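Here's the letter readout for the chains.
Number of protein chains: 2
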Amino acid sequence: MANVSVNGYGTIGKRVAEAIGKHSKLKLVGISKYTPDQDAKIANSNGFNVFVPKDSMKNFESKGVDVAGSVDDMITGSDTVVDAAADGKGIQNKQSVYQPKGKNAIFQGGEEADVADVSFNARSNFEDANGKQFVRVVSCNTTAYCRMIKPLLENYKIKYINAILIRRGADLSDAKGSALNAVEWKAHSHHAHDVQSVLGDIPMTSIAFKVPHTHSHINSMSIIFGDGAPTKDDLIDLYSRESRIAVLNTASTSAQIVEASRDLELPRNDTFVVSLLANTIAINDGGVFFSFSVPQESIVVPENIDAIVAQSGIMSKQDSMKFTDELIGIPKIKSSLEKIFA
Amino acid sequence: MANVSVNGYGTIGKRVAEAIGKHSKLKLVGISKYTPDQDAKIANSNGFNVFVPKDSMKNFESKGVDVAGSVDDMITGSDTVVDAAADGKGIQNKQSVYQPKGKNAIFQGGEEADVADVSFNARSNFEDANGKQFVRVVSCNTTAYCRMIKPLLENYKIKYINAILIRRGADLSDAKGSALNAVEWKAHSHHAHDVQSVLGDIPMTSIAFKVPHTHSHINSMSIIFGDGAPTKDDLIDLYSRESRIAVLNTASTSAQIVEASRDLELPRNDTFVVSLLANTIAINDGGVFFSFSVPQESIVVPENIDAIVAQSGIMSKQDSMKFTDELIGIPKIKSSLEKIFA
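Sequence order for the protein chains is G and C. Those letters in the first sequence? Residues 33 to 374, per this note's numbering, in order. Those letters in the second sequence? Residues 33 to 374, per this note's numbering, in order.
It should be emphasised that the hints constitute simulated quantities derived from the structure, not laboratory data. Treat the numbers as computed from the prediction; the structure is a model and nothing was measured. Don't take every hint at face value.
Note that identical chains are pooled: a pair holds if it fits in a single copy or bridges any two copies.
To be verified - Within a straight-line C-alpha distance of at most 25 Å, the following computed DSS-like cross-link-like pairs (lysine-lysine) qualify:
hint: 1; residue 1: K191; residue 2: K57
hint: 2; residue 1: K218; residue 2: K371
hint: 3; residue 1: K354; residue 2: K182
hint: 4; residue 1: K90; residue 2: K57
hint: 5; residue 1: K208; residue 2: K354
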C-alpha cells in the first residue's frame, strides 16, 4: 500500500485523485489547492482531504472550504506525489519540495523530459519506471502516439513516422485558448521528441496545428515500414486487441464520439481510450495512413495510476494495466464505443 | 482574340472576369447574374456588361441594375463560357445551354470530373486542353496539390502521397459553413482522385478535416519516393523556381500571410500562389513531409485564364503562364511574400 497525494487539482489532478481513491493498493492522502475556487469545494464534496499552503488556511476556511492541513503536511505524509500542477511548475516543486523531502513524484507531460528519470507510457515502458524516484507521464497526444506505435513496433520494422495534430483550441475549463482568427502551427512540435523519450530513437517528425475547435484532439499519422507493412485487416486486428484503443468504423465527427460518451453516462464524459477512426485507414505500398481522436482530459489518467504502481513495484505491468482498466471502466467503454460505431 | 463570358459572378467568377477584362488576347463579353444582389451592382461599377435571365430583366432594372441583355444573348455572343456557377450547376448548364449552342466552356472543380473532356492544371497538363470543348479547372486544394506534385514528378519517382487538408470553415462571402462544435472529417476525400484526373495514376490518399477557422486552407503532405528523395535544399530550390509557389520561411499562422496580403494592398487580398511553409519541411529516409497554405478564393484565377488560352490555342504553355502571371501581378506577390517571410 502506497500513500499518494495529488499536488494540483485541475483537469488531470481531479481525475487522477478519484482513480487513486478507488484503488485498493493505493491510499489517497489528499489533494492540494492553491486558490479557494469551486474545485476546492468539489474536492470537499468528493470526501478528499484538502491541503492548502500554510499561510492560506484561514483564507480557504473563510471561503467555506474544509481544510485538512498544509500542503507541507500532505507531502510529508506521502510516499509518492502526483504532481498535476500547471505546466512548468513541476520542476519547481521537485527542486523546492520533493527532492528536499526525499519523496517520489509523478510529473505530467507539460514538464520537460529531464524533470524525471524516465518518461512513461504504460503500454510502452512500464518496467522502466520501477524504482525510479521521478517519473514523467507523457502528454495526452504523446500518450496516444505511444499507444498506437508500440504495438506496431512489436510486429513491424518502422522506417519513420510523420504525425499531424489538429489541436483543440483550449483545455476544458479554460476561458481562453487558441486564436479564433487563424490556424497556428508549431512545426517540428515536441511530440516526436517526446515519443522518442519513451520508445527510443524512432525516426519521427510531428507538426501541431492549433485550431478553434473544442471536441478532442484529432491526429493523423503516416507511417512507413522498413519491410513487411500491415494490411488494413492486420491494423484493425492489432488495435482491436489493445485495451486502451477503441476501433471505430463509422464516426465522422469528433462531436459524435463525445456525444456517445455522454449517452453512455460516463463520468465527466471520460473515455480514456484513443479512438482509431478505422474508416480513415489507407494502405500504401510499404506504409499506412490513419487518423485517431484523443480525449485530452482523460487519456493520461490510467497512465498516472500505472506510473505510481510501476514506480513502487506493487504489481506487474500486465496486472496493473488490467487492474487500472477495470478500476475506471475501460473495457466497457471500449466495447460500447466499438458497438456504437461498428 | 476569343470572346469570353463568365456565367456566375461569385467568389471565382468576379475574380476571373476582372482578369479576362485586362487580358489583351481575350475579350470579356460580360458576366451573368441570376439574383439582383450587391454583386450585380459591383459588376456594373466595374464596367462589365451584366446579362440576366430574360424574364428577370425588369426585376433587375427595378433594383437599379444596368442590364446589357439576356444570359442567352451573352452565351450566343461568346466563343467560350467560364462556368462559375454553384457546385453541380455546371453540368446542368452544359446540357441545357453549352452543348445545344455548341459553345466551349471552362468548368470549376465543384463539378464532377466527367463534366469535361479534361481536368486542368496549367503547370501540369496545359497542352491537354488544346482543342477540347469542355475543360474543368480543378478545385483550389487540388490545384495546389498539382502545383506541388508536378515539379516533383519531373525530378523524382514518387511512390505515394498522403495528404491532409485542414479546411477553412466557409467560403469568404458565406454566412454559414462548418460545424462550430466539432471537427468533421471526410476520409478518402475527392482530392486524391482529382489530382489523378490531372496527373495520372499517382498512388495517393487524402483526408479533409473541416474546422471552424477562416484564414486559408492549410495542407500537409507526406510523400514517399521510389528512389532518390530530395533534400530540404533540393525542395526549396525546386519550389523557389515555381512561379506560382511562394517559399516562406518564418510564417507561423495563416493570419500572418493574409495580413501581409492586406499590407501589400493586393486587390481583394488575393495572392494566387501556394505558400509553402518551408520551416515545416522534414526529410525522412526516402520521403518528405511539409505543409502549405492555399488561398482558396484566388488560386484558381490564373488557372481559369490559362485554361481558356490553352483551349483555344492562342498561346503556348510557357507564354500563357508568364502572361497570366504578369497580368495579375504574381511575380511581385511571390517575391514580396518571400521577402516578408524570409
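Verification of the supplied hints:
1. Proximity of K191 to K57 under the C-alpha cut-off of 25 Å is found in neither arrangement, the shortest distances being 41 Å within a copy and 52 Å between copies.
2. Only between protomers do K218 and K371 lie at most 25 Å apart by alpha-carbon distance; the minimum there is 21 Å, versus 36 Å within a single protomer.
3. Taking the shortest alpha-carbon separations for K354 and K182, only the intra-copy value of 17 Å comes in at or below 25 Å, while the best inter-copy value is 51 Å.
4. For a Cα distance limit of 25 Å, the shortest separation of K90 from K57 qualifies neither inside one copy, at 34 Å, nor across copies, at 84 Å.
5. Taking identical chains as interchangeable, the C-alpha atoms of K208 and K354 are never at most 25 Å apart, the minima being 37 Å within one chain and 47 Å between chains.
Checked against the numbered hints given earlier, the structure breaks hints 1, 4 and 5 and satisfies all the rest.
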